[in-house]
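Chains as they are written, first to last, in the working numbering: chain C, 1 to 114; chain H, 1 to 113.
Everything hinted at is true.
One-sided and incomplete, this derived list gives chain H residues near chain C with beta-carbon spacing under 8 Å:
#1 LYS41
#2 PHE42
#3 ILE56
#4 GLY105
Far from chain H by the CB rule (all over 10 Å, computed), these chain C residues:
#5 GLY1
#6 VAL11
#7 ALA17
#8 LEU19
#9 ASN22
#10 THR28
#11 SER58
#12 GLU63
#13 LYS68
#14 SER72
#15 TRP113
The list that follows gives simulated cross-link-like pairs (lysine-lysine, DSS-like), each with its CA atoms no further than 25 Å apart:
#16 C/LYS60 x H/LYS41
#17 C/LYS77 x H/LYS41
#18 H/LYS19 x H/LYS67
Since the hints were derived computationally from the structure, they do not count as laboratory data.
Note that the structure is predicted; figures quoted are calculated from it, not measured.
Backbone N, C-alpha and C define an ideal beta-carbon position, used for all residues, glycine too.
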Amino acid sequence: GDSVTQMEGPVTLSEEACLTINCTYTATGYPSLFWYVQYPGEGLQLLLKATKADDKGSNKGFEATYRKETTSFHLEKGSVQVSDSAVYFCALSDRGSTLGRLYFGRGTQLTVWP
Amino acid sequence: DTAVSQTPKYLVTQMGNDKSIKCEQNLGHDTMYWYKQDSKKFLKIMFSYNNKELIINETVPNRFSPKSPDKAHLNLHINSLELGDSAVYFCASSQGGVTGELFFGEGSRLTVL
Numbered sequence: 001g002d003s004v005t006q007m008e009g010p011v012t013l014s015e016e017a018c019l020t021i022n023c024t025y026t027a028t029g030y031p032s033l034f035w036y037v038q039y040p041g042e043g044l045q046l047l048l049k050a051t052k053a054d055d056k057g058s059n060k061g062f063e064a065t066y067r068k069e070t071t072s073f074h075l076e077k078g079s080v081q082v083s084d085s086a087v088y089f090c091a092l093s094d095r096g097s098t099l100g101r102l103y104f105g106r107g108t109q110l111t112v113w114p
Numbered sequence: 001d002t003a004v005s006q007t008p009k010y011l012v013t014q015m016g017n018d019k020s021i022k023c024e025q026n027l028g029h030d031t032m033y034w035y036k037q038d039s040k041k042f043l044k045i046m047f048s049y050n051n052k053e054l055i056i057n058e059t060v061p062n063r064f065s066p067k068s069p070d071k072a073h074l075n076l077h078i079n080s081l082e083l084g085d086s087a088v089y090f091c092a093s094s095q096g097g098v099t100g101e102l103f104f105g106e107g108s109r110l111t112v113l
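Kindly produce the complete structure, drawing on both the sequences and the hints.
Below, the structure is given as structure tokens:
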């Protein structure tokens, strides 16, 4: 079945460091890929998405490129800020499904120190 | 205006009790969900309703019963609460399913003592 595997955390960085959170997926169809972010005490919110191979999603300085050949959707940011401290979830949605079902990775906790 | 709102935000109760969590969305979406997040932040879908019709039921114990009185509301009732039910429960909504983008509520933290 469809699934997502993302790197385990926690990840601890100093402000202005580079960030990469790895995400790979397994899907039988042609999924859409997402990164969601959960700030402390809040629900998840969409950070970025890509709906087809080679698409690049970007938002708030974060980027991820849909790589079909490596089945990956790694999240990157060149210079993190303290305010980026959160839990990041990679997710996929099978576009063949009309149910809007998302398969989430286990989440990666990011802590950024000043 | 909160797009997806859940009540209560915190719930502390004894084993064996029955409790409900309510969810409302004002986005005009036709699909709503309940997700359970455990202490390790793992998110697992429990139920999904589309226009008041149950479409996803993920091997959840019968003690959990969702109810959707209309497409803007999806409530979760839990009977005979157990320690393992302690978690954060998230309600979410989406428009159709093609894009897969979900809008989440802030969560309801349930603690069973």
